[in-house]
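Visitor: If you read the protein sequences in the order shown, they are chains A and B.
With positions in the first sequence counted from 1, the corresponding number in the numbering used here is that position plus 1.
With positions in the second sequence counted from 1, the corresponding number in the numbering used here is that position plus 3.
Check each hint, because a few of them may be wrong.
As the list claims (entries may be wrong) - Distance ranges between label pairs, derived from CB positions: (1) A:E26 with B:G210: 38 to 46 Å; (2) B:D232 with A:E44: 53 to 61 Å; (3) A:K162 with B:L29: 25 to 33 Å; (4) B:L184 with A:K157: 34 to 42 Å; (5) A:T45 with B:N194: 50 to 58 Å; (6) A:T42 with B:T257: 17 to 25 Å; (7) A:S167 with B:L251: 42 to 50 Å; (8) A:R170 with B:L146: 18 to 26 Å; (9) A:V169 with B:L184: 27 to 35 Å.
I should point out that these hints are in silico values taken from the structure, not numbers from a laboratory.
Keep in mind the model is a prediction, meaning the values are calculated, not measured.
Cβ atoms here follow ideal geometry from the backbone N, Cα and C, with glycine treated the same way.
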Amino acid sequence: MTMNTTIKSLALVCLLIPTLSNAQERFASRTGHVAFRSETTVETIEANNHKATSVYDPNTGALEFAVLIKAFEFEKALMQEHFNENYMESNTYPKAVFKGKVVGVTAADLKKPGKHDVTVEGELTMHGVSNKVTNKATISVEPTGTLKAESNFVIKAEDYKIDIPSVVRKQIAEEIQVKVRIDYQKM
Amino acid sequence: MRHKLVPLAIFLLPVTLQAQDDLLSLLGEDTSVILTTASFKATRVINSNSIENTAHGVLDFRISHRFGELSTGVEELYGLDQATIRLGLDYGVTDRLMVGVGRSSFQKTIDGFAKYKILRQCDQGCSMPITLSLAAGSSMTTLTADKVPWYADGRTDYFTHRLSYYFQLIAGRKFSENFTLQIMPGLVHRNLVKTTAEKNDVINIGGAGRYKLTKRLAINAEYFYVLPDQLAQPQTPTDLTYFNSFSLGFDIETGGHVFQLHCTNSAGMFERGYITETTGNWLDGDIRFGFNISRVFTVHDPKAKANKKVKEDTW
Numbered sequence: 002m003t004m005n006t007t008i009k010s011l012a013l014v015c016l017l018i019p020t021l022s023n024a025q026e027r028f029a030s031r032t033g034h035v036a037f038r039s040e041t042t043v044e045t046i047e048a049n050n051h052k053a054t055s056v057y058d059p060n061t062g063a064l065e066f067a068v069l070i071k072a073f074e075f076e077k078a079l080m081q082e083h084f085n086e087n088y089m090e091s092n093t094y095p096k097a098v099f100k101g102k103v104v105g106v107t108a109a110d111l112k113k114p115g116k117h118d119v120t121v122e123g124e125l126t127m128h129g130v131s132n133k134v135t136n137k138a139t140i141s142v143e144p145t146g147t148l149k150a151e152s153n154f155v156i157k158a159e160d161y162k163i164d165i166p167s168v169v170r171k172q173i174a175e176e177i178q179v180k181v182r183i184d185y186q187k188m
Numbered sequence: 004m005r006h007k008l009v010p011l012a013i014f015l016l017p018v019t020l021q022a023q024d025d026l027l028s029l030l031g032e033d034t035s036v037i038l039t040t041a042s043f044k045a046t047r048v049i050n051s052n053s054i055e056n057t058a059h060g061v062l063d064f065r066i067s068h069r070f071g072e073l074s075t076g077v078e079e080l081y082g083l084d085q086a087t088i089r090l091g092l093d094y095g096v097t098d099r100l101m102v103g104v105g106r107s108s109f110q111k112t113i114d115g116f117a118k119y120k121i122l123r124q125c126d127q128g129c130s131m132p133i134t135l136s137l138a139a140g141s142s143m144t145t146l147t148a149d150k151v152p153w154y155a156d157g158r159t160d161y162f163t164h165r166l167s168y169y170f171q172l173i174a175g176r177k178f179s180e181n182f183t184l185q186i187m188p189g190l191v192h193r194n195l196v197k198t199t200a201e202k203n204d205v206i207n208i209g210g211a212g213r214y215k216l217t218k219r220l221a222i223n224a225e226y227f228y229v230l231p232d233q234l235a236q237p238q239t240p241t242d243l244t245y246f247n248s249f250s251l252g253f254d255i256e257t258g259g260h261v262f263q264l265h266c267t268n269s270a271g272m273f274e275r276g277y278i279t280e281t282t283g284n285w286l287d288g289d290i291r292f293g294f295n296i297s298r299v300f301t302v303h304d305p306k307a308k309a310n311k312k313v314k315e316d317t318w
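With the hints as extra help, turn the sequences into a complete structure.
Guide: Pasting the structure below:
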């Protein structure tokens, strides 16, 4: 073997290494469901978004999440308009984004069916404000190998500088309940 | 030496790739279509239609009110003693089509219209730069035969004489979060006019815009230019002179209501009224203070079925 072919075969091996490591798959979804609910004695407001996108890499634990604010659907069209125009200012801040990681489960755990209680921690950015968040979640591995992730948590409007004028304080809760349901497919 | 560097470089390559990795970018561009919303706060700019429609399943109850002219002086409390009113109900049949009916005290008129969005401006997922709507409607006065504007001795009062129609194209664009502009070429057809000097078909072009001052307050303006020699010219000092309609006002939004407060030289609140029968002149102080109140009711939720399953999934 000449020096030249040694280098060539070495290079080939090096090229293959990243391919091999990538073979450990990631999970993704474009149809994640995010719902929120504001509950006061006067009024209950609910909105649903079925277009959340998310990518989860079990090897590193990295989880990312993006929700288009304008894709939240309300029962009342006027509420939807006010939500975008007056509260979330979705022309200026079109997306809510989460970047963080999943703690409490290993890539190996996710190879076999089962349900895992995990903690999700990271940074949630919306309405131009970023906050560190830590929430409980569950990840279920389906027999087909896909993942179902669920999480319920609470967001405070003031933490994201979402101003609620005093005239509507009775209709809009300070603490907004949020529900996330995502069916991840292998990428 | 040169050869040894090659595999090293290749070795480093995947590392750098990994470091740049933004997980969400792996999903590629988001292609969902997001239509532009809230170009105006209401379906009317002031008198005229805006490029906004009542949403699907929403009923909009509108109370429009115009006081008398400022120039009537203190005797009429600068117009506040007089009032004309239009009560209207609009409904969103689909997200593109709305229909409405109204009754005005101005010439005791009943009017009905439909407005359809042919093109819709969008923010994301397509490249449509404007919203284009077609509005069409008719109106009928219920005044007694001797009170209609075209009354003349011996003229038979046919039902069809009382009808008029309008057609209008509305092309508008929300240029920025705060600024929206629209132009409205249109035609008002009057089945009967008083003299041969007046045209049955009145060609006009309108322009309207809004600028949002704060999240809940916007300033609106609209102007209708009637092409010359279509309306009656005064022959005697008692004859009415017709002017182009100009209105300027504010939209104030509070929860479920939109209040529109404005000044206008028109008394009519339907197309034949304000486009072809505006008798006030801004420069003479023939300015009317007025307001529109809009209250919406969601009578049908088109997404209810899709979201029903979601609701059953308990919180």
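Visitor: Evaluate each hint against the coordinates.
Guide: Quick rundown of the hints versus the structure:
1. A:E26 with B:G210: 38 to 46 Å: violated, 57 Å
2. B:D232 with A:E44: 53 to 61 Å: holds, 56 Å
3. A:K162 with B:L29: 25 to 33 Å: Roughly 31 Å apart at Cβ, these two residues keep to the hinted range, so it holds.
4. B:L184 with A:K157: 34 to 42 Å: With Cβ atoms ~39 Å apart, the hint holds.
5. A:T45 with B:N194: 50 to 58 Å: Roughly 52 Å apart at Cβ, these two residues keep to the hinted range, so it holds.
6. A:T42 with B:T257: 17 to 25 Å: holds, 21 Å
7. A:S167 with B:L251: 42 to 50 Å: Given about 30 Å between the Cβ atoms, the range is violated.
8. A:R170 with B:L146: 18 to 26 Å: violated, 49 Å
9. A:V169 with B:L184: 27 to 35 Å: Because 30 Å falls inside the window, the suggested range holds.
In this structure, the hints that do not hold are numbers 1, 7, 8, in rising order.
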